[in-house]
Amino acid sequence: MTLLHLRDLSVSLRNRPVFRDVSLSVEPGQVVGLIGPNGAGKTTLMRAALGLIPAQGNSSLAVMKPRVRARHAAWMPQNHEIAWPVTVEVLVTLGRIPHLGAGQAVGAADRAAVDRALAQMGLEALRHRTATRLSGGEQTRALIARTLAQETPLVLADEPIAGLDPAHQIATMQCFQDIAAQGKSVMVSIHDLGLAVRHCSRLILLAGGRVQADGTPEQVLTPDNLRDHFGISAHFAQTPQGPVFQPLEVVR
Amino acid sequence: MKRLILFLLLAVAVLFTASLVIGPAGAPVGRSLSALFSDDHGPLSMVMREIRLPRALLGLMIGVSLGMAGAGMQGYLRNPLADPGLIGVSGSAALGAVLAIHTGLSAAFVLGLPLAALAGALAGVFLVMALAGPRGGSLTLILAGIAISSLASALSSLVLNLSPNPFAANEIVFWMMGSLADRSMTHVWLALPLMALGWLLLASLPRGLDALTLGEDAAEAMGVNLTRLRLKLVIGTAAAVGAATAVAGAIGFVGLVVPHILRPYVGARPGRLVWASALGGAVMVLASDITVRLILPTQDLKLGVLTALVGAPLFLHLIYKTRRAEA
Chain A
1 MTLLHLRDLS VSLRNRPVFR DVSLSVEPGQ VVGLIGPNGA GKTTLMRAAL GLIPAQGNSS
61 LAVMKPRVRA RHAAWMPQNH EIAWPVTVEV LVTLGRIPHL GAGQAVGAAD RAAVDRALAQ
121 MGLEALRHRT ATRLSGGEQT RALIARTLAQ ETPLVLADEP IAGLDPAHQI ATMQCFQDIA
181 AQGKSVMVSI HDLGLAVRHC SRLILLAGGR VQADGTPEQV LTPDNLRDHF GISAHFAQTP
241 QGPVFQPLEV VR
Chain B
1 MKRLILFLLL AVAVLFTASL VIGPAGAPVG RSLSALFSDD HGPLSMVMRE IRLPRALLGL
61 MIGVSLGMAG AGMQGYLRNP LADPGLIGVS GSAALGAVLA IHTGLSAAFV LGLPLAALAG
121 ALAGVFLVMA LAGPRGGSLT LILAGIAISS LASALSSLVL NLSPNPFAAN EIVFWMMGSL
181 ADRSMTHVWL ALPLMALGWL LLASLPRGLD ALTLGEDAAE AMGVNLTRLR LKLVIGTAAA
241 VGAATAVAGA IGFVGLVVPH ILRPYVGARP GRLVWASALG GAVMVLASDI TVRLILPTQD
301 LKLGVLTALV GAPLFLHLIY KTRRAEA
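Sequence lines, in order, name chains A and B.
Residues 1 to 252 (the UniProt record's numbering) make up the first sequence, in order.
Residues 1 to 327 (the UniProt record's numbering) make up the second sequence, in order.
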C-alpha cells in the first residue's frame with residue numbers, strides 16, 4: 001500500500017514556479033529525508049502534497065476529504081505556534097481531534113495515544129507544565145508528540161529537529177525510525193545531512209525546481225550532487241559506527 | 001471545568017432573579033416573583049412582566065452574545081486583545097441607529113431604531129466579508145474590520161455634526177452609551193431569533209478553535225475547514241452582537257474582558273472558553289445592569305458607561321500582565 005503518491009505535482013506562487021513535475025511515492029516503513037538548499041521548495045512540496053495550497057498535478061493526499069486525510073497523514077509545520085498557555089498534555093491531546101466525532105469527548109483510546117506520544121518524546125515529566133513557558137526545544141518536542149498522537153500511517157514534519165539539542169535530535173530521529181519499523185512512514189525536511197544519512201532510509205533532493213535525486217543516502221549525496229545543488233564538498237564514509245557524513249567546505 | 005460552569009450557572013440564576021426583584025417599585029421579593037408567575041392584573045404584575053422581565057432577559061441574552069462572540073473572536077485570531085467589535089459590527093450598528101434617530105425613523109415607530117441598527121450591523125459585516133474575501137488569513141479580516149469600523153464611526157460623527165437639533169444629538173449620544181432601561185418584550189422577541197442563530201453558529205466553533213492553537217496550517221491539516229470556521233464566526237458574531245447592539249446600544253468591554261478573566265479557569269483552552277464566556281458574559285451584564293440601578297437609581301446611569309468603567313482598568317491589568325510575561 002502506498003502512503004503517498006505524487007504525480008507531476010507543480011506549484012507556482014505569485015507566478016513564480018517553485019517546483020515542477022514532482023513525482024514520487026512513499027511506501028510503508030520508510031523514513032524519508034527531504035533535503036535541499038534554502039528556498040528549494042521543501043515546505044511548499046509538503047504543503048502541496050497535503051493539499052494545503054493549490055497545485056497542479058496529482059497528490060493522493062490532496063484529493064482526500066480533509067477529515068479523512070487528517071486520519072491518514074499528520075503535519076507538523078515549521079513555525080512552532082502554541083497560541084495559548086495550555087498544558088503539554090492538552091497540547092498533545094489536540095492531535096486526537098481528527099479521531100473525534102462531532103461532540104465526542106476524548107476517550108480512553110485517545111488518552112492511551114497521548115500517553116504513548118508523551119513517552120516517545122520523553123515528555124512525561126513535563127506533562128502538566130504550561131507549554132508556552134517551556135524552552136524552544138521542549139516546545140518542539142511537545143509539538144512532535146502532538147503530531148505522533150494523531151497516530152496516522154504517514155507523518156510529514158517540516159524541520160522537526162531544528163533547535164533541538166544533539167541528544168534529542170538523535171532521539172527524535174530514532175523515534176521516527178521506530179515508527180517506520182511499525183509499518184508507518186515519516187517524511188521530514190532536514191538540513192542536518194549528517195543526521196539524515198544516519199537515520200533516513202531514503203533521501204529526496206529537491207533543488208532547482210525539481211527532484212534532482214531520490215534514493216538511498218549513498219545514491220543521493222554524491223560529490224556531484226553536493227557540489228551542484230548545495231555548493232559544498234563533504235567527507236562521507238562507512239564506519240563501524242555507521243555512516244558518517246561531514247560537510248567540509250563551500251566550493252562555489 | 002464542571003465546577004466553573006456550575007458556579008457560573010448559579011451566579012447567572014442568582015443575578016437573573018436579583019435583576020427581577022430590584023427596582024424603584026420596591027415590592028417585596030416574594031410578592032414580586034409571585035406576581036410574575038400568576039397574573040393578578042394589578043400594577044405589580046404589569047411591572048414584573050412588562051418592565052423587569054424583558055430587562056433581565058435582555059441582560060442575560062446580551063451577556064451570552066457578547067461573551068461567546070468575544071471568546072470566539074479571541075480564539076480565532078489567537079489574540080487576547082481581540083473583541084467582537086473588531087469586525088465592525090458595533091460600529092456599523094451604531095451608524096444605523098444614528099441614522100434612524102436623525103431621520104426620525106426611531107420616533108415614527110418603536111422598532112424603527114433597533115431595525116435600523118440591525119440593518120447597519122448586517123450591512124457592515126457584509127462589507128467586511130466582501131473586503132476580506134471568502135478565504136484569506138485573519139489579518140485581512142482585522143484590516144477590513146478596522147476600515148469599516150472607522151468609516152462607520154466617521155459617518156456617525158458626520159450625522160451628529162449635521163444634526164439639526166440638539167435633542168437629536170443628545171439622543172444619539174445617550175443611545176451610543178448602551179442601556180437596558182425601558183426595553184419591552186418586543187425588543188426581546190426582535191433580538192431572540194437572531195441571537196439564537198448567532199449562538200448556534202458560535203457554539204459550533206470550539207473544536208476548530210482548539211485546533212487553531214497550533215496555527216492555521218496545522219489546524220487545516222487536522223481537517224478543520226478554516227474558510228467555513230471564519231464564515232461561522234463572522235456571521236455568528238454579526239447576528240448575536242448585531243442584535244445585542246440593536247436593542248441595547250454599544251456595550252463595550254464585555255467581549256474583551258470576560259474571556260480574559262475566565263481563560264485561566266479553563267486551562268486556556270479556547271473551545272471551552274466559548275462556553276464559559278457565554279455564562280461569564282451573562283454574569284457581567286446582569287451584574288452591571290443591577291449596579292446601575294442600585295448606585296444611581298434616579299440618574300439613569302448608562303450600562304455601557306459602567307462596563308467601560310469596570311472594563312478599562314481590567315484591560316490595563318491585561319496589558320500589565322502581558323508586559324510582565326514578555327519581560
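Keep in mind that the hints are not guaranteed to be accurate.
FRET-style restraints, in silico, Cβ to Cβ [stated by the list, open to error]: (1) B:A196 to A:G103: 44 to 52 Å; (2) B:P193 to A:A108: 51 to 59 Å; (3) A:D178 to B:I319: 53 to 61 Å; (4) B:Q299 to A:P85: 21 to 29 Å; (5) A:G107 to B:P28: 46 to 54 Å.
According to the in silico footprint, chain B covers these stretches of chain A (three or more CB under 8 Å from chain B) [said to hold, decoys possible]: (6) 31 to 42; (7) 88 to 95; (8) 185 to 197.
Keep in mind the hints are simulated off the structure, nothing from the lab.
This structure is a prediction, so every number in the text was calculated from the model and none was measured.
All residues carry an ideal CB built from backbone N, CA and C; glycine is no exception.
For each hint, the structure was consulted:
| no. | hint | in the structure |
| --- | --- | --- |
| 1 | B:A196 to A:G103: 44 to 52 Å | 19 Å, violated |
| 2 | B:P193 to A:A108: 51 to 59 Å | 41 Å, violated |
| 3 | A:D178 to B:I319: 53 to 61 Å | 46 Å, violated |
| 4 | B:Q299 to A:P85: 21 to 29 Å | 42 Å, violated |
| 5 | A:G107 to B:P28: 46 to 54 Å | 51 Å, holds |
| 6 | 31 to 42 | violated (count 0) |
| 7 | 88 to 95 | holds (count 4) |
| 8 | 185 to 197 | violated (count 0) |
Of the hints listed earlier, those the structure fails to meet are numbers 1, 2, 3, 4, 6 and 8, in rising order.
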